[in-house]
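Chemist: In case you want the letters, here they are:
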Amino acid sequence: MNAETAAVQPAGSGMMTGARWRRLLLRMILMAGALFLIMGPLLSLLIWSFAEKWYWPSPWPLEWGTSYWSKVFEGKMMDALISSFLIATAVTVICLIISIPLSYMLARYRIPGRTILLLLFLLPQAFPQLPVFSNAMVLMYRWDLVGTWTGVILIHLVGSVVFCIWTMVSVFQSIPTSVEEASTMLGASKLRSFFTITLPLAVPGVIASSLLVFLYSLDEFTGSLLIGAPFKTTLPVFMYNAAMGYEMQIASVTAILLMLPGIILLLLMQKFMKSEYLSAFGRV
Amino acid sequence: MQIRIERLTKTYANQRGINQIDLTLPEGGLTAIVGPSGCGKTTLLRTLAGLIKPDSGAIRFGGKDVTYAPPQHRGATMVFQNYALWPHMSVFDNIAYGLKLRRTPAAEIELRVTDVLRRVEIDPADVKKRHPQQYSGGQQQRIALARALVVQPHLLLMDEPLSNLDAKVRQRLRVEIRNIQQSFGITALYVTHDQEEALSMADYVVLMNEGRIEQAGTPKEVYYQPSSYFTAHFLGDSHTLHVRRGAEMKRLVVRSCDMTIGSRAEQLPPGSARDYPLAESVEGGWQLTGEVTNHLFIGSSYRHMVRIGSQTFFADADEAYEPGVYRLHLPEERAYWFEPEGQGADTGGRMISGVTA
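From first to last, the protein sequence lines stand for chains C and Y.
Each step along the first sequence adds one to the number in UniProt numbering, with nothing skipped, and position 271 is 271.
Each step along the second sequence adds one to the number in UniProt numbering, with nothing skipped, and position 308 is 308.
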């Protein structure tokens with residue numbers, strides 16, 4: 001009993017101060033280590049993006065400057081950036097149009113073979129991406145879609161529709177049927193009930209999964225390279241080309257630009273993602 | 001509006017359906033459907049709502065056949081166990097939803113929402129700003145009731161509306177729902193598994209069991225004149241005793257409060273240890289001899305554990321009786337006799353150990 005109350009005592013008692021300092025120091029060292037592990041590579045990217053000249057064995061760039069930044073913003077990078085954002089927007093919109101009605105029906109109605117259908121959507125994810133995408137490429141050659149924006153959007157949809165549907169099914173399942181029944185009993189048609197009650201209640205989930213899709217499309221590389229390159233270049237493909245050409249500075253600037261929307265959107269998503277969606281995720 | 005249900009049938013694989021239900025809900029009255037879980041009461045309610053399509057039979061609202069009409073065209077509204085309010089709308093918008101669908105002018109909506117809120121005792125002052133989840137459970141159910149009543153439905157359906165509330169709020173809302181229903185003069189159907197709720201609120205009680213109507217009548221009728229063993233056993237705090245009445249073997253249903261403990265007896269009469277002890281006919285009723293083993297204080301009275309033969313039941317009394325052998329009296333009109341055989345549907349055998357008829 002006494003030991004317990006002593007441990008709960010606030011910092012005031014002088015006896016504890018030494019132990020407290022030691023604990024604080026240990027914690028700070030651990031935090032610094034973690035920070036280095038996480039931020040180290042990012043920091044190196046940042047340094048590289050401002051390095052004008054940097055030869056081995058110098059530990060620091062020999063010359064600092066922003067010339068690569070302006071180079072990137074003047075050159076083809078801007079085109080890639082804009083098309084990446086346009087594609088991500090298109091993919092998100094199309095993905096939502098496909099998956100909202102589909103996942104609503106999967107969540108609400110006893111569709112025969114529901115489980116199989118959901119697993120079928122998951123199938124492309126079960127195999128390594130490269131063979132799936134190269135097979136898709138063969139198909140797209142037949143329809144003349146390789147090297148077109150339509151082709152790139154389609155290949156992004158292959159991956160994104162899957163997790164959009166899986167998250168949206170659990171979003172709709174978390175909305176009790178009685179709220180819809182209450183509105184139909186008051187005279188609303190099924191469609192009206194969906195648009196005035198169910199969809200507004202699903203909005204946080206819709207936002208969360210559309211952010212996921214947007215990010216997926218923005219960062220998608222393999223499919224974009226196979227289908228789009230060299231005629232259509234998204235930002236990740238651009239970065240890859242830059243890195244392959246040993247333009248470390250261009251690659252670093254692009255990488256930083258690619259990271260920013262991810263960080264911002266993930267922060268946004270934290271606000272909208274409810275734990276019940278995650279707990280219901282994948283419950284068939 | 002009078003609601004008529006004719007030979008309504010809906011079968012499910014798991015036998016929770018309804019079978020050949022004939023029922024008339026009197027205009028302006030509150031009908032309560034009560035029964036154990038799985039008796040089909042919710043299926044019946046949801047079929048009336050139009051949320052379930054029946055296999056056969058007919059539902060008439062007034063003279064109109066609505067058997068296969070979709071829920072939005074029936075003019076029935078519903079109050080749910082989980083309130084089913086819409087958290088993304090203000091309380092005002094929740095209640096005005098049905099009126100907006102009916103293209104009621106804005107000024108009239110305002111008036112009617114304010115009026116209905118007064119009648120369910122919710123302060124109409126800040127309902128445009130506040131959302132349902134900012135109210136307590138009892139208040140939320142009042143809001144749900146207001147939302148269902150404001151459109152002046154032909155029929156108000158209530159699906160265990162008080163089950164999620166705590167005992168005190170439930171007691172109060174029982175009375176209030178009853179008053180509100182009467183003041184609106186609305187035909188209402190109330191589904192509950194709580195027999196006390198059904199008896200205290202309804203004009204008309206319908207007892208359901210295994211998809212059929214077991215008995216229907218006023219609360220007093222079904223309580224005091226149970227027509228079947230199931231009704232007698234389901235309503236009130238009932239126990240089943242297997243006893244001999246003369247030479248006949250009978251099932252006797254007795255409620256805790258009906259049996260009175262009388263004078264002490266010297267000893268148990270011969271043969272009373274058997275499974276079918278004798279019920280003696282005395283002036284004005286029946287007399288059994290049993291052994292009081294112990295008692296519990298339950299607030300308003302003492303509950304005695306009484307053994308008759310190998311059977312145990314409870315008898316309530318205003319004073320505590322010491323353990324011992326007593327004569328027990330049961331008034332004639334409180335003794336419900338049933339044949340021991342045909343136990344297919346009964347659950348009454350649970351008080352008896354090892355008895356087979």
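Any given hint could be a false lead.
To be verified - These stretches of chain C come out as covered by chain Y in the derived footprint (C-beta under 8 Å, 3 or more residues):
(1) 144-152
(2) 256-265
Said to hold, decoys possible - Looking from chain C toward chain Y, a few residues come up when the C-beta cut is under 10 Å (computed):
(3) Asp-79
(4) Ser-174
(5) Pro-176
(6) Ser-178
(7) Val-179
(8) Glu-180
(9) Arg-192
(10) Leu-225
Bear in mind the hints are in silico, worked out from the structure with no lab data behind them.
No residue lacks a Cβ here, since even glycine has one placed at the ideal position from N, Cα and C.
Chemist: Just to be careful: measuring from the Cβ of Pro-176 (chain C) to every Cβ in chain Y, is the smallest value less than 10 Å?
Modeler: holds, 6 Å
Chemist: Under 10 Å is the threshold here; is the Cβ of Asp-79 (chain C) close enough to any Cβ of chain Y for the hint to stand?
Modeler: violated, 41 Å
Chemist: Quick check on the hint: Leu-225 (chain C) CB to chain Y CB, less than 10 Å?
Modeler: violated, 42 Å
Chemist: Okay, the stretch 144-152 of chain C and chain Y, do three or more residues pass the C-beta test at under 8 Å?
Modeler: violated (count 0)
Chemist: With a cut-off of 10 Å on the beta carbons, see whether Val-179 (chain C) makes it to chain Y.
Modeler: holds, 5 Å
Chemist: Tell me whether the statement that chain Y covers the stretch 256-265 of chain C is true, taking a Cβ distance below 8 Å and needing three residues at minimum.
Modeler: Not satisfied, violated; 0 residues make the cut.
Chemist: Close enough to count: is the Cβ of Ser-178 (chain C) nearer than 10 Å to one in chain Y?
Modeler: holds, 4 Å
Chemist: How about Arg-192 (chain C): closest beta carbon in chain Y under 10 Å, or not?
Modeler: Nearest chain Y Cβ about 8 Å off; hint holds.
Chemist: Minimum Cβ distance from Ser-174 (chain C) to chain Y below 10 Å?
Modeler: violated, 12 Å
Chemist: Would you check whether Glu-180 (chain C) satisfies its interface hint, that is, whether its CB is within less than 10 Å of any CB in chain Y?
Modeler: This interface hint holds because 9 Å falls under the 10 Å limit.
In this structure, the hints that do not hold are numbers 1, 2, 3, 4, 10, in rising order.
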